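In the order they appear, the protein sequences are chains B and G.
Everything in the first sequence is counted per our numbering, starting at 107 for the first residue and increasing by one.
Everything in the second sequence is counted per our numbering, starting at 241 for the first residue and increasing by one.
Hints are computed from structural coordinates only; laboratory data are not their basis.
Do not take every clue at face value.
Derived, one-sided and incomplete: chain B residues facing chain G with beta-carbon distance under 7 Å [said to hold, decoys possible]:
#	residue
1	Lys117
2	Phe198
3	Gln199
4	Cys209
5	His247
If you want the footprint, here are the derived chain G segments under chain B, 3+ residues with CB under 8 Å [what the hints assert, rightly or not]:
#	region
6	517-529
7	740-751
8	957-965
With a cut-off of at most 30 Å between alpha-carbon atoms, the simulated DSS-like pairs for lysine-lysine come out as follows [unchecked claim]:
#	chain 1	residue 1	chain 2	residue 2
9	G	Lys549	G	Lys647
10	G	Lys691	G	Lys1008
11	G	Lys274	B	Lys109
12	G	Lys552	G	Lys839
13	G	Lys643	G	Lys691
14	B	Lys117	G	Lys274
Just so it is clear, the structure is predicted and the values come from calculations on it, not from any experiment.
Using N, Cα and C, we set each Cβ at its ideal position, and we do this for glycine too.
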Amino acid sequence: MTKVTMTVNGKTVSGDVEGRTLLASFLRDDQGLTGTHIGCDTSQCGACVVHVDGVAVKSCTMLAAEADGATVDTIEGQANADGSLNVIQQAFQDHHGLQCGFCTPGMVMSAAALLKENPKPSEQEIREYLEGNICRCTGYHNIVKAIMAASGQDVTAIAAE
Amino acid sequence: MPKDTGIGAATVRREDVRFLTGTGEYTDDITLAKQTYAVFARSTVAHGTIKSIDTSAAELMPGVLAVFTGEDFAEVGGNPAGWLINSRDGEPMKEPKRPVLAHGKVRHVGDAYAAVIAETVQQARDAVEAIEADIEELDAIVDMNAALSGSNFVHDEIGTNQCFDWGWIEDNREATDNAIKNAHHVTTLELVNNRLVPNAMEPRASIGSYKASTGEYTLHTTSQNPHLTRLLISAFVLGIPENMLTVIAPDVGGGFGSKIYHYGEEALVLAAAKRLNRPVKWTADRTESFLTDAHGRDHVTKIELALDKDGKFLAFRTDTKANVGAYLSNFSTATPTFLHGTLMAGNYTVPLVYVNVKAVFTNTAPVDAYRGAGRPEATYSIERVIDKAARELGMDPIELRRKNFVKPDQYPFASAAGLEYDAGNYDALMDKMEEVADVAGFAARRAESEKNGKLRGFGVNAYIEACGIAPSNLVGVLGSRVGLYDAATVRVNATGNLSVMVGAHSHGQGHETAFPQVVAEMLGIDPAVIDIVHGDTSKIPFGMGTYGSRSLAVCGSAVVRATEKIINKAKKIAGHMLEASEHDITLADGVFSVAGTDKSVTFGEVALKAYIPHEYPLEDIEPGLEETAFYDPANFTYPSGAYACEVEVDPETGKVTVERMTAVDDFGNVINPMIVTGQVQGGLAQGIGQALLENTSYDENGQLLSASYMDYTMPRADDLPMFAVDHSQGTPCTHNPLGVKGCGEAGAIGSPPTVVNAVIDALQSGGKDVTHIDMPVSPARVWEAMQ
Chain B
107 MTKVTMTVNG KTVSGDVEGR TLLASFLRDD QGLTGTHIGC DTSQCGACVV HVDGVAVKSC
167 TMLAAEADGA TVDTIEGQAN ADGSLNVIQQ AFQDHHGLQC GFCTPGMVMS AAALLKENPK
227 PSEQEIREYL EGNICRCTGY HNIVKAIMAA SGQDVTAIAA E
Chain G
241 MPKDTGIGAA TVRREDVRFL TGTGEYTDDI TLAKQTYAVF ARSTVAHGTI KSIDTSAAEL
301 MPGVLAVFTG EDFAEVGGNP AGWLINSRDG EPMKEPKRPV LAHGKVRHVG DAYAAVIAET
361 VQQARDAVEA IEADIEELDA IVDMNAALSG SNFVHDEIGT NQCFDWGWIE DNREATDNAI
421 KNAHHVTTLE LVNNRLVPNA MEPRASIGSY KASTGEYTLH TTSQNPHLTR LLISAFVLGI
481 PENMLTVIAP DVGGGFGSKI YHYGEEALVL AAAKRLNRPV KWTADRTESF LTDAHGRDHV
541 TKIELALDKD GKFLAFRTDT KANVGAYLSN FSTATPTFLH GTLMAGNYTV PLVYVNVKAV
601 FTNTAPVDAY RGAGRPEATY SIERVIDKAA RELGMDPIEL RRKNFVKPDQ YPFASAAGLE
661 YDAGNYDALM DKMEEVADVA GFAARRAESE KNGKLRGFGV NAYIEACGIA PSNLVGVLGS
721 RVGLYDAATV RVNATGNLSV MVGAHSHGQG HETAFPQVVA EMLGIDPAVI DIVHGDTSKI
781 PFGMGTYGSR SLAVCGSAVV RATEKIINKA KKIAGHMLEA SEHDITLADG VFSVAGTDKS
841 VTFGEVALKA YIPHEYPLED IEPGLEETAF YDPANFTYPS GAYACEVEVD PETGKVTVER
901 MTAVDDFGNV INPMIVTGQV QGGLAQGIGQ ALLENTSYDE NGQLLSASYM DYTMPRADDL
961 PMFAVDHSQG TPCTHNPLGV KGCGEAGAIG SPPTVVNAVI DALQSGGKDV THIDMPVSPA
1021 RVWEAMQ
């Protein structure tokens, strides 16, 4: 077992992990942060996306030990300080960018990373960026629309509802 | 003006907040005290005889608490098929036992033959590797034709691989044959409806727990219908008394059919929990999901369409082989028959339909209902052959369809496939589609594509489906072994807020938002005070769950009936409070008034009085304000639609891109247009996925080649366009109180033929004499067809 310490959503946490323990498992099983989901075993679906030192990472692709000393942000830490939804989360609700909710944490974390590097992405840029996040419910239409809206773009011209 | 609340309002979803903040609670998020973990040993061969299983080494591994094999479940029941189909000769279908764990033989790759329970999931995983199974590999039965002609059987005890040979409508067989023999023109098409994996993003998971002091079991599981799962486990598999088993499906991360069914893993964790007296949890990894979730479609069909010289349809005749896989999943026998054959008249006045379906066992994963379930297969066959006929006859594909549409003055319309359509207007849908899709502008868009070296094609489709599953008396005659009503309880609490317990179970459909809209509208109160309770058999009266686009049409109708009972009782209480006859009491905006006076009491005051019955006529009215209704529909509902697709084909590579996708649907009345549009968009993505990307591929040894997201092509954001969705042309359902039809599956039903029709049109426009390409229409297949 190896002792790891990291800052998760602003709090310092530590735990003893096996060498093979994935960051996703550490967050879910050791820290009880079950908002980070595991939807596949080949690092394809993106339900487990978190930010490690500000960079979007599939947490099923990273060992917990590799995140020792890092700053990790998960979906649980995304809301505003008063508990209200942040701009991206609010846009997802306003534009019905989620249905079953399982891929949603990864989508929101990927969207946040995208908008950090590209504050006004085009529809095509959003679609290409989300290539590593699979959603089976929405057909992506409203996810793309929500991210455009979250970036301050006018989405009224995109099909209704 | 759109409404802010109630029926018809595009209310944002209240459940979103927990999903967006990572505080949803899916089965795998739950950890019970003293929880242990199950991992399954699964067959790596498609077909084999189990000679021996030595678990002794595994049992000595660190942390291992128990190891189970098929022997442990030899005496318990099998997981049954829910629908009895009789063959054309009257013989009942073959129903081999589907055990909890494979016993005697393994029948598909992934078939579980043992399970290890350990303190940690890693320890269980390690111990599974230590199980020594001597499995003698047998020749795999993969191809359906070979399955029907050989002497190698998936289930030796039934001596055939044919489950049934079904005819519909058998009495029309000869007349259909004659119509086709004598017709002016017959168009024939052979096609494959490709096997798909539903791929809910949340893998299946189950936690069994047992309370020795009372003998009560609890199963947390990823289910679309917890009551059905309880019924199957209690009555057929483990024999646990129904009142000693609680099934809880918490938040469920998508289903698309795959989580309707009871699976052996659920029985295993319950049995193991009792033996160990500790909770036992199992969570599928994605590979297990690919190998063991019920798959969808997998039909091979020959369809013939007979037409007269004016293009009027005279008969449809189809010959289908339907793969049911290695075992009968719960709805697997209904899907290729009564959810498929009964829709084979489409939206058309065709007088004769004959459908033959042979269901075939193979050494592949079980196949069952997947989004649309039988109706996509019917629609694909019908709408592809119509398109081919239009081309052969030199007719416009839209005009050919219009010529044969059932017209608005023909309802109720008895279709040639045995259903009674209650309402619809297919010409209005087609008109709207032509407008929304800007059909008039297509020629210019095609010219632009051609300028860029691309071929552009336009495809159209008209579909009808049967939803609101289902009238129990009718399906009982057709072989269903269950009733398909639903139930709801409306509980008005003393302080005036409401709990509504529903038998439907949302796994993405937004029930927590939409059902309160209905109740709020009826009572004239704020939907925010209404809470939906679902997914827990201990809290809700009963329910058949969510599938077949039934939640609103069936369970929503039960909600209406229960709310009507609440209103009736509340009027009696209000009448007493206001010293007036209940017949003179009216309800508007949450206030009960005596007609023609200014006397009134609020809904909240009536609720309080019901629970604090002072000065209350106890001899006439019971205290409390809670009502339950069971609703059994009088008929199916019949959503219909007109779809259009424009594709570009790159003639250099064969790559197809969907440029425009338009869905115009008739769902009857709409409760929440935002949710309805979202349902259609998701269905379109799955239908486009089937048409262009997705395929489930077994090799000749029964190895699943597409068992991961590296190999199975899920539609991604950059594979799809924005969608144009319209549901303005609704004709209300005539037989349920809300006039609703159901919208969950339409997109997946209407889109595959639309896309393929567009691809064929593109290739034809490039001078290629291509009349059909099987799905998925991959670049390789397109390129090959063009050579």
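Find the hints from earlier in the document that the structure breaks and name them by number, from lowest to highest.
-> Of the numbered hints, 1, 12, 13 do not hold.
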